[in-house]
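Participant: Below are the chains, spelled out letter by letter.
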Amino acid sequence: MTWHHRLFAGLERASDWLSPIVVKEVRQLTSGREFHYSFSISLLLGLCVAFLGAASALDASGTSGSWTFGALIGCLAFFGLVVVPMGAFNALRTERLEQTLELIILTTLSPRRVVIGKLLAQGVKLATLFAGLSPFIAMSFLLGGIDFVTILVSMLLLFSWSLWACAASLFLSSLIKTRAISGLIFGGLGVLLFLGVVAFGVPRVLFFMMMRSGGAFSSSGFHFTFFGGSAPWWLLVMLTTFCLISMMNLVLLTENRLSVATGNRVTALRIGFAVQFLVLVGWMLSFAGEPPPIRTSAAWTLGVLGGLHLAAVAMFTVTEDLVLPRRVLIRMREWSALRQMVAILSPGGGRGALYVLAQMAILLAAVGILRPTTPGFSWFVAICGYVCFFTGVPVAAFRLFRPAHEAAFHLRVVTLVALPVAMLLPDILYYMLWRPDEFTVSFAARHLISPRALAQWSVVQSRYGIAFPVALGLIGVAAYSIVVGAGMRMIEEAEIEAGEAAAPAREPGSADVY
Amino acid sequence: MNDVMLQLDGLVRYFDNVHAVDEISFSVDRGKVLGFIGPNGAGKTTTMRILATLETPQRGDARIGGYSVVDEPAKVRQITGFMPDSAGVYAHTTVTEYLDFFARAYNLRGTARHQAVDNIIEFMGIGELRDRNVESLSKGLKQRVALGRALVHDPQVLILDEPAANLDPRARIEFRALIRELAADGKTILLSSHILTELAEMCDAIAVIEKGRILATGAVTEILAGMRPRRTLSARFAGATDGLERFLLEQPGVVNVHEAGGRMRFELEGDDDAQAALVGRLIAAGYRVLEFSAHGAGLEDLFIEITQGRVQ
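Residue numbers (this note's numbering), protein chains in the order written: chain A, 23 to 536; chain B, 2 to 313.
A few of these clues could be false.
[Claimed, not checked] A short, non-exhaustive set of chain B residues, derived as facing chain A with CB atoms under 10 Å:
| hint | residue |
| --- | --- |
| 1 | P58 |
| 2 | Q59 |
| 3 | V90 |
| 4 | A147 |
[Stated by the list, open to error] Okay, derived cross-link-like pairs now, DSS-like style, lysine-lysine, Cα gap no bigger than 27 Å in a straight line:
| hint | chain 1 | residue 1 | chain 2 | residue 2 |
| --- | --- | --- | --- | --- |
| 5 | B | K76 | B | K140 |
| 6 | A | K199 | B | K140 |
| 7 | B | K212 | B | K33 |
| 8 | B | K212 | B | K143 |
| 9 | B | K143 | A | K199 |
By construction, these hints were calculated from the structure, which means they are not laboratory data. The structure presented is a predicted model; accordingly, all values stated were derived computationally and were not measured. Beta carbons: idealized from backbone N, C-alpha and C, even for Gly.
One chain only, chain A, in its complex shape:
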C-alpha cells in the first residue's frame, strides 16, 4: 500500500465524522466542472493582479500592496458574494426539483442538519477559493502599504459575509418549488448579487480598510456618535454579531421551509428571532449609562430596528394556523412543566400573538431604561400599536369566522398588502372624493391611519394629538386577544378530538369485500 492509498484510507475514515451532506457536496464539487472553472479563473485573476502589483512596485513607492490587496479582495468578493452563493442556491434547488430532499429527510438527517451541511459545503468552497488566492494576498502584504491586521480582518469579514450570502441564497431557494419560477429567481439572484458586489460589497470592505488606516469617518446619517473613539471596532462587532445571528436565523428559516408539515417547525425559529431581538436590545441597553443624546440615539435606533423586527415577526407568527398537526400536539402534551412555561415559543397563531406581545413589552421596558428625550415614550408605544393593528385586525377578523381553516399564506399576503393600502388609500380616497386643485402628499389628518404617522410623530403629537393612534393600538391589542382566545379554543378542541381518536378503531385487517 502506497502512502497516498494510506492517506486516502485515513481521510475516508475521518470522513465518518463529517456531515454526510458535506461529503456528498464536496464529491459532487470535485466531479463537476463548475468549481474547477471558477477556481482556475480565480487563480488566473490572482496571478494577473499580483503581476501588475509587482510591476508597479518597481517604482519603489512602497504602497502598491494596498491597491493590489484591494483588487484581490475584489476578485474574492466576486467569487464569495456571487459565484458561491449562486452555487448554494442551485444545490438546494436541484435537491428539491429532483425530489431527493424527502429521501434525505427520511434518513436520520434532520432538515437542520441538511441546511447546515449545505452551508458548510459552501464554506469548503469558499475556503478553497480563499486558500487559492492567499499566496497572492501574502504578496500584497510584502509589497507594502497595507498592514497584516487589515488583511486578516478584511478576509474574515468577507468570508463571513460570503457565508451569509450563501445562507440567504439557500433560504431563497427553499421558498420556490416550481422549476420555472426558481429558474427566474436564480437569474434574478445572479444579477442582484453581481450588482450588490459592485455597488456595496467591495466598497464596504474598502470602507473598513479606510477606517483602519485612519481615514475619514463621518458621524452623520447613521448615528455613529455613540460609538466614541473605538467606532470602527464597535461597528465591526455589531456587524459581525448581526451577520452571525441573522445567518443562524436564515438557517432556521430554511429549515422551516424544508421540514415536512407534520412536525414542529416553529419553536427553533421563534427562539432564533427572540435571540436576535434580545441582542438588539442588549446592544442598545449598553448605552444606558451614557449622556442623554447618546441614550436618545440608542433608543431611536432600537425603535426603528425593533419596530421593523416586530412587524416582520408579527406578520409570520400571528398569521400562523391555529390547528396544529397531531404530532406536534402529542409532543406538546409530553412537555415538562418548564417547557410549558415558555409555551409562547410553541406553534400556533394564538401563541404567536403572545410571543409578539412579550417582545413589545421588552422593547418598551428597554426604552424606559434608556429614557430618551425625543421622541417621547408615546412614539414607541405607537410603534407597537400600529404593528398590532396591521397584523392583528385582518387575522382576528378571519379567525372569528374560520378558526380552523388553513389560511396562513393568504393571511400573510393580506397583512403584507394592508400596509401599502393604508399608505396609499387615504390619498386616493381624498383625491377621488374631495377633488382638490392641488396635488399634495404632505402629512395631514388622513394619514393618521398610515404607519407614515410614525415618521411624522412630532407633527402628530402637536397637531392632532395621540388619541387616534392610541385607539388604533387598542383595537390592535383587542384583535390580538381574539387571536389568542381562538388559538386556545382550537387547542382544547384538538385535545378532545385526540382523546377520542385514541380510542381503538375497528379490528385491523377486518376490511371485507364490499
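Given the structure of chain A, go ahead and fit chain B onto it with the hints provided.
Facilitator: Just chain B now, kept in the frame of chain A:
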C-alpha cells in the same frame, strides 16, 4: 404465530374538504407482499406517505414494527425503506457514492457502511455499474439503484410507490424476482402499481382502494372466491363432440355451456374436487380431452369489478 409488521387502524387524511384517505384499516404480516391497487387519485400515495411519516393522519394511526407513525416517526424511519415514484438521483455522483451517501445519512460508519454498500451492490446485481454516474443510467437501472438506496439501512418494511412504472419487460421480470427474493428474506413489502397482472404474480395479497376507502383486501383467489362462486372453464376435444353440450349440462354444477373458437366454454359451481371429477366423467364417457383449463378472472377484471362505482 401472527407477526403483524404493518398495521393501519382507521387512517383518515383530508385536504380541505377532500378525503384523500378515509378510515383505512388493514394489516400485513412479516415477509408478505401486499399490492396496493387503485385508480389515480384513489389515496394510494397519501397512504404511503403517511406510512413513510411524510404526512400525519388527522385521525387513526398506523404501526410499523409496533411503532406508531404519528408518535414515533424516527423509529419508524429506522425500520422502513421508502421508494417514491421518482428515482431521485444526483448529478456527478457514482452509484457507489450515491449508496454511500445514504448509508452515511442512516448513521452507518466505517466498516459497517462499506459492508452495507457492498451487500446492496451485490444483491441488486449492479456490480459493473459501481463507478457509473447514476444520472447516466437507464430508467430501469435507476429504479434498481433507488431500490438499493431504500434497502441500504436494512429496513424490515419496504414501501414502494409505483416501483415498476416505466420499466421495460425485462427490467420488470428482474424487478419481480427481486421483490420475491426480498420477501423470502423476511422483508414486509407494500407496493402500489398500475400494472395489475404484475401485482398478481408478486403479491401475497392485495388491497383495492378507491376514493380513499378500502374496497377489498385479501389474497386474489380469496377475493375472487368471495365475488364469484363459479369458475369459468374451457376444454378442447379431439374427434367428434356430438352430444357434448347436453352431456355437460347434465353434469352437476355445470351451467352456461357454449362453443367458442373450437373450445367448449362453461361455468362450474364447485371446488377443485368437483373440477377433477368432471374431467374424470368426460374421459369415462369417451370424450378425448386434449386441453382443460380454468379461466380465473384476472386482477384487472377483479379491479374493474370492485371499483366500478362502489364508493360514492
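Participant: If a hint holds in the structure, say so; if it does not, say that too.
Facilitator: Structure-based check of each hint:
Given the 10 Å rule on beta carbons, the hint for P58 of chain B holds: about 7 Å separates it from the nearest Cβ of chain A. Residue-level restraint check for Q59 of chain B holds (minimum Cβ-Cβ distance to chain A is 7 Å; threshold 10 Å). Taking 10 Å as the C-beta contact cut-off toward chain A, the hint placing V90 of chain B at the interface holds, the least distance being around 7 Å. Interface restraint check: A147 of chain B against chain A, minimum CB-CB distance 9 Å, threshold 10 Å, status holds.
At most 27 Å may separate the alpha-carbon atoms for a hinted pair to count; K76 of chain B and K140 of chain B exceed this at roughly 31 Å. Restraint check for K199 of chain A and K140 of chain B: satisfied, since their Cα atoms lie roughly 24 Å apart, inside the 27 Å limit. A threshold of 27 Å between alpha carbons decides the hint, and for K212 of chain B with K33 of chain B the separation of about 25 Å falls inside it, so the pair holds. As the CA atoms of K212 of chain B and K143 of chain B are separated by approximately 31 Å, the hinted pair breaks the 27 Å bound.
Proximity of K143 of chain B to K199 of chain A is assessed by CA-CA distance (about 23 Å); at most 27 Å being required, the pair is judged to hold.
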